[in-house]
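For the sequence shown, numbering that gives the first Met the number 0 gives the first residue as 0, with consecutive numbering after it.
Calculated directly from the structure, the hints in this document are not laboratory data. Hints are supplied without guarantee of correctness; some may be wrong.
[To be verified] Here are the simulated DSBU-like pairs of lysine-lysine, each with C-alpha atoms no more than 30 Å apart in a straight line:
{"#": "1", "residue 1": "Lys403", "residue 2": "Lys106"}
{"#": "2", "residue 1": "Lys393", "residue 2": "Lys370"}
{"#": "3", "residue 1": "Lys106", "residue 2": "Lys56"}
{"#": "4", "residue 1": "Lys383", "residue 2": "Lys403"}
{"#": "5", "residue 1": "Lys393", "residue 2": "Lys192"}
{"#": "6", "residue 1": "Lys383", "residue 2": "Lys170"}
{"#": "7", "residue 1": "Lys56", "residue 2": "Lys192"}
{"#": "8", "residue 1": "Lys192", "residue 2": "Lys266"}
{"#": "9", "residue 1": "Lys133", "residue 2": "Lys115"}
{"#": "10", "residue 1": "Lys56", "residue 2": "Lys46"}
{"#": "11", "residue 1": "Lys482", "residue 2": "Lys450"}
{"#": "12", "residue 1": "Lys349", "residue 2": "Lys366"}
{"#": "13", "residue 1": "Lys403", "residue 2": "Lys452"}
{"#": "14", "residue 1": "Lys115", "residue 2": "Lys136"}
{"#": "15", "residue 1": "Lys366", "residue 2": "Lys266"}
{"#": "16", "residue 1": "Lys349", "residue 2": "Lys201"}
{"#": "17", "residue 1": "Lys266", "residue 2": "Lys452"}
{"#": "18", "residue 1": "Lys243", "residue 2": "Lys370"}
{"#": "19", "residue 1": "Lys383", "residue 2": "Lys452"}
{"#": "20", "residue 1": "Lys336", "residue 2": "Lys233"}
{"#": "21", "residue 1": "Lys166", "residue 2": "Lys450"}
{"#": "22", "residue 1": "Lys106", "residue 2": "Lys172"}
{"#": "23", "residue 1": "Lys480", "residue 2": "Lys525"}
{"#": "24", "residue 1": "Lys452", "residue 2": "Lys172"}
{"#": "25", "residue 1": "Lys166", "residue 2": "Lys383"}
{"#": "26", "residue 1": "Lys383", "residue 2": "Lys136"}
{"#": "27", "residue 1": "Lys133", "residue 2": "Lys526"}
{"#": "28", "residue 1": "Lys274", "residue 2": "Lys243"}
{"#": "29", "residue 1": "Lys192", "residue 2": "Lys370"}
{"#": "30", "residue 1": "Lys56", "residue 2": "Lys26"}
{"#": "31", "residue 1": "Lys133", "residue 2": "Lys383"}
{"#": "32", "residue 1": "Lys172", "residue 2": "Lys274"}
{"#": "33", "residue 1": "Lys266", "residue 2": "Lys166"}
{"#": "34", "residue 1": "Lys526", "residue 2": "Lys136"}
{"#": "35", "residue 1": "Lys370", "residue 2": "Lys170"}
{"#": "36", "residue 1": "Lys136", "residue 2": "Lys393"}
{"#": "37", "residue 1": "Lys370", "residue 2": "Lys266"}
{"#": "38", "residue 1": "Lys136", "residue 2": "Lys266"}
{"#": "39", "residue 1": "Lys136", "residue 2": "Lys192"}
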Amino acid sequence: MRQKQKQPIRLMKCKAYSREMMMSAYKAVKDDHLPVDRAAIMYGVPKQTLRDRVLNKVKISSRWGKDSLFTHEEEELLVSHLEGLAQVGYGINRSQLNILAGDLAVKLGRRLTDSKLSNNWYYAFLRRWTHRLKVIKPRGLSSTRAAAVTQENIDSYFRDLDAILTKYSLKCKPHLIYNLDETGIQPEHRPSKVITGVSSSKTQAVTSPNTGTTTIVACVNAAGTALPPYYVFKGKRTNDDLLKNAAVGANYAMSDSGWVNGEVLMKYLEEHFLKFVQRGSGDISQPILLIYDGHASHVSIDIVNWAREHNVILFVLPPHSSHALQPLDITCFGPFKSIFHNECHLYMAKQRGRVITKYDIADLSGKAYLKSMTPATIQSGFRKAGISPFDPTKVPAEMIVPSKSFPKIIPELPIRTMKELLDEKLMETAPKAKLEKPKANKNKTQDKKKKPKMGGKAITEDCTYFQLLEYQQQREENNTKEKTNRSKQNLHKSPQPSTSKGNIVDSDIESEIEDEDPANNCCICKKFSPPGLDQCDELVIVKWAQCTACGHWCHLRFCSQIRVVRRLSDFFCPHCAEREC
0 MRQKQKQPIR
10 LMKCKAYSRE
20 MMMSAYKAVK
30 DDHLPVDRAA
40 IMYGVPKQTL
50 RDRVLNKVKI
60 SSRWGKDSLF
70 THEEEELLVS
80 HLEGLAQVGY
90 GINRSQLNIL
100 AGDLAVKLGR
110 RLTDSKLSNN
120 WYYAFLRRWT
130 HRLKVIKPRG
140 LSSTRAAAVT
150 QENIDSYFRD
160 LDAILTKYSL
170 KCKPHLIYNL
180 DETGIQPEHR
190 PSKVITGVSS
200 SKTQAVTSPN
210 TGTTTIVACV
220 NAAGTALPPY
230 YVFKGKRTND
240 DLLKNAAVGA
250 NYAMSDSGWV
260 NGEVLMKYLE
270 EHFLKFVQRG
280 SGDISQPILL
290 IYDGHASHVS
300 IDIVNWAREH
310 NVILFVLPPH
320 SSHALQPLDI
330 TCFGPFKSIF
340 HNECHLYMAK
350 QRGRVITKYD
360 IADLSGKAYL
370 KSMTPATIQS
380 GFRKAGISPF
390 DPTKVPAEMI
400 VPSKSFPKII
410 PELPIRTMKE
420 LLDEKLMETA
430 PKAKLEKPKA
440 NKNKTQDKKK
450 KPKMGGKAIT
460 EDCTYFQLLE
470 YQQQREENNT
480 KEKTNRSKQN
490 LHKSPQPSTS
500 KGNIVDSDIE
510 SEIEDEDPAN
520 NCCICKKFSP
530 PGLDQCDELV
540 IVKWAQCTAC
550 GHWCHLRFCS
560 QIRVVRRLSD
570 FFCPHCAERE
580 C
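The task is simple: from the sequences and hints, build the whole structure.
What follows is the structure, encoded as structure tokens:
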């Protein structure tokens with residue numbers, strides 16, 4: 000007779016039911032008068048647990064599961080604190096949260112030591128607040144950008160932009176509103192995710208060496224039209240092979256660094272921008288608005304004069320705010336970089352053993368340019384930047400919140416340089432009779448003029464244009480004066496007296512011209528160049544020393560037996576040394 004095999008008893012796992020399931024079973028027993036055993040089976044809850052709540056041995060409103068370290072209200076305050084830190088750009092990671100929660104538990108008297116909490120508490124805390132918290136990788140934001148995007152700067156920018164759009168009737172003409180920007184690309188692309196075996200500990204991706212940066216200049220208008228790409232390659236000699244398989248209409252220029260400078264930008268505007276720009280009816284007198292960042296190479300009097308001649312309104316964005324106000328940065332360059340890296344990955348997979356050179360940049364980036372610069376993407380960038388349609392409220396609040404963590408007024412601290420500290424030390428140790436205060440150059444402080452601020456303004460307007468023109472003229476005059484003074488000083492070069500003891504000054508052996516002032520010559524030989532210098536075959540550096548007693552200068556080695564004088568030590572010329580003897 001075969002014995003029946005015992006079936007294993009299946010025990011219900013702890014917490015295999017939810018609070019809603021227990022509440023439904025409880026209401027079925029209380030309201031519908033359903034037996035406890037049947038209600039437990041119907042709703043999948045433990046019988047004894049349900050019976051304890053029906054008989055009021057355990058309150059139905061009691062806390063679910065094990066008691067946590069903090070109460071619900073305390074955890075809610077902690078969640079609000081984490082949200083605030085992330086908004087201003089100073090979010091904390093897992094380790095920092097464990098340390099912060101450990102300190103909080105000690106202050107509340109829940110723990111005796113200040114050690115950080117475990118990762119078990121961290122993951123349980125995140126599970127309890129999944130509706131408000133999540134873990135992501137933030138995008139880097141420099142402190143200059145975070146401090147620059149303030150509500151005051153944004154309001155001032157949109158006021159000036161509104162005035163320009165209204166003055167030239169451009170709000171209803173999106174095809175006349177352009178945005179110009181540049182970005183750098185390298186042959187060393189960012190690898191994408193790949194499929195690999197489970198046993199592989201670490202997978203590598205072959206990339207090309209970084210041989211330099213190539214700049215691609217992009218220009219789009221609010222109607223969704225993109226001008227052909229313009230490349231700036233590193234080098235001096237032009238080579239048309241650099242544009243092999245490039246996009247239709249693409250052009251290029253060369254620069255020493257591979258970045259845009261004033262000369263390259265002028266060439267781009269004259270030969271590329273005007274060639275593809277749209278003026279609607281073709282009227283040359285129709286003004287065009289060009290919005291771009293205020294880099295030093297973008298703001299020059301030559302570029303402004305060219306723009307005024309061709310009815311192009313140059314509007315400079317506020318400094319360090321292109322990530323929030325520039326359409327190309329907001330929606331276009333991100334997809335362009337991702338597609339470009341993918342194209343490089345496909346090229347390396349097909350052409351195994353070859354590397355990407357600058358002759359392949361135009362081909363690969365041209366494909367990415369056409370795929371990313373779509374009308375929908377471009378129009379979305381102008382819309383999110385609040386330019387077209389014009390809407391100053393389109394700038395998201397999370398772009399402005401980080402600026403609130405920076406003080407509006409930075410106190411000026413009395414910081415002294417190392418040179419000032421050394422000069423002060425020398426003045427303390429030097430004799431008081433020889434102390435001479437440096438004379439302030441009043442003309443230099445009066446002539447120096449600050450460069451006008453160009454950010455957030457249309458620099459082709461008369462008020463800003465004349466300020467820039469005046470600054471440029473003043474700068475040229477100051478440069479001319481400095482060159483004239485420098486040439487006068489180089490005519491007669493002599494050792495300058497100093498307040499320190501035994502000060503040493505070097506002069507070149509080629510300086511054989513006598514100084515016009517006898518006081519600056521040697522007190523022994525009465526000459527600027529020592530006698531016997533022309534008889535030396537080797538290169539000789541003539542050293543001077545100032546006498547501590549009489550204050551005159553003397554040649555060392557030639558007119559004195561002393562060859563070296565240490566700094567801050569006494570030195571006596573041969574005349575004063577004989578008197579003391």
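We went through each hint and held it up to the structure:
1. Lys403 <-> Lys106: Between lysine 403 and lysine 106 the Cα gap is close to 29 Å, so the pair holds against 30 Å.
2. Lys393 <-> Lys370: Given that 30 Å is the threshold and the Cα spacing comes to 26 Å, the pair holds.
3. Lys106 <-> Lys56: 35 Å, violated
4. Lys383 <-> Lys403: With Cα atoms ~22 Å apart, lysine 383 and lysine 403 stay inside 30 Å; holds.
5. Lys393 <-> Lys192: Violated - the C-alpha atoms of lysine 192 and lysine 393 are around 34 Å apart, more than 30 Å.
6. Lys383 <-> Lys170: 16 Å, holds
7. Lys56 <-> Lys192: With a Cα-Cα distance of about 56 Å, the restraint between lysine 56 and lysine 192 is violated, given a limit of 30 Å.
8. Lys192 <-> Lys266: Violated. Lysine 192 to lysine 266 sits at ~40 Å, over the 30 Å cutoff.
9. Lys133 <-> Lys115: 21 Å, holds
10. Lys56 <-> Lys46: Distance of about 14 Å is within 30 Å: holds.
11. Lys482 <-> Lys450: Since the Cα atoms of lysine 482 and lysine 450 sit roughly 21 Å apart, the hinted pair holds (cutoff 30 Å).
12. Lys349 <-> Lys366: 16 Å, holds
13. Lys403 <-> Lys452: 23 Å, holds
14. Lys115 <-> Lys136: Measuring from Cα to Cα gives roughly 23 Å; hence the hint holds.
15. Lys366 <-> Lys266: Distance ~24 Å between lysine 366 and lysine 266 Cα, so the pair holds.
16. Lys349 <-> Lys201: 22 Å, holds
17. Lys266 <-> Lys452: 25 Å, holds
18. Lys243 <-> Lys370: The given pair, whose Cα atoms are some 18 Å apart, holds under the 30 Å limit.
19. Lys383 <-> Lys452: 26 Å, holds
20. Lys336 <-> Lys233: 20 Å, holds
21. Lys166 <-> Lys450: 27 Å, holds
22. Lys106 <-> Lys172: 62 Å, violated
23. Lys480 <-> Lys525: 34 Å, violated
24. Lys452 <-> Lys172: 28 Å, holds
25. Lys166 <-> Lys383: 23 Å, holds
26. Lys383 <-> Lys136: 23 Å, holds
27. Lys133 <-> Lys526: This hinted pair is violated, its Cα atoms lying about 82 Å apart.
28. Lys274 <-> Lys243: Distance ~21 Å between lysine 274 and lysine 243 Cα, so the pair holds.
29. Lys192 <-> Lys370: 21 Å, holds
30. Lys56 <-> Lys26: 16 Å, holds
31. Lys133 <-> Lys383: Cα-Cα ~25 Å, so holds.
32. Lys172 <-> Lys274: Holds, at roughly 20 Å.
33. Lys266 <-> Lys166: 29 Å, holds
34. Lys526 <-> Lys136: Violated, because 73 Å separates the two Cα atoms, which is more than 30 Å.
35. Lys370 <-> Lys170: 28 Å, holds
36. Lys136 <-> Lys393: 24 Å, holds
37. Lys370 <-> Lys266: 27 Å, holds
38. Lys136 <-> Lys266: 41 Å, violated
39. Lys136 <-> Lys192: Within the cut-off at roughly 17 Å; holds.
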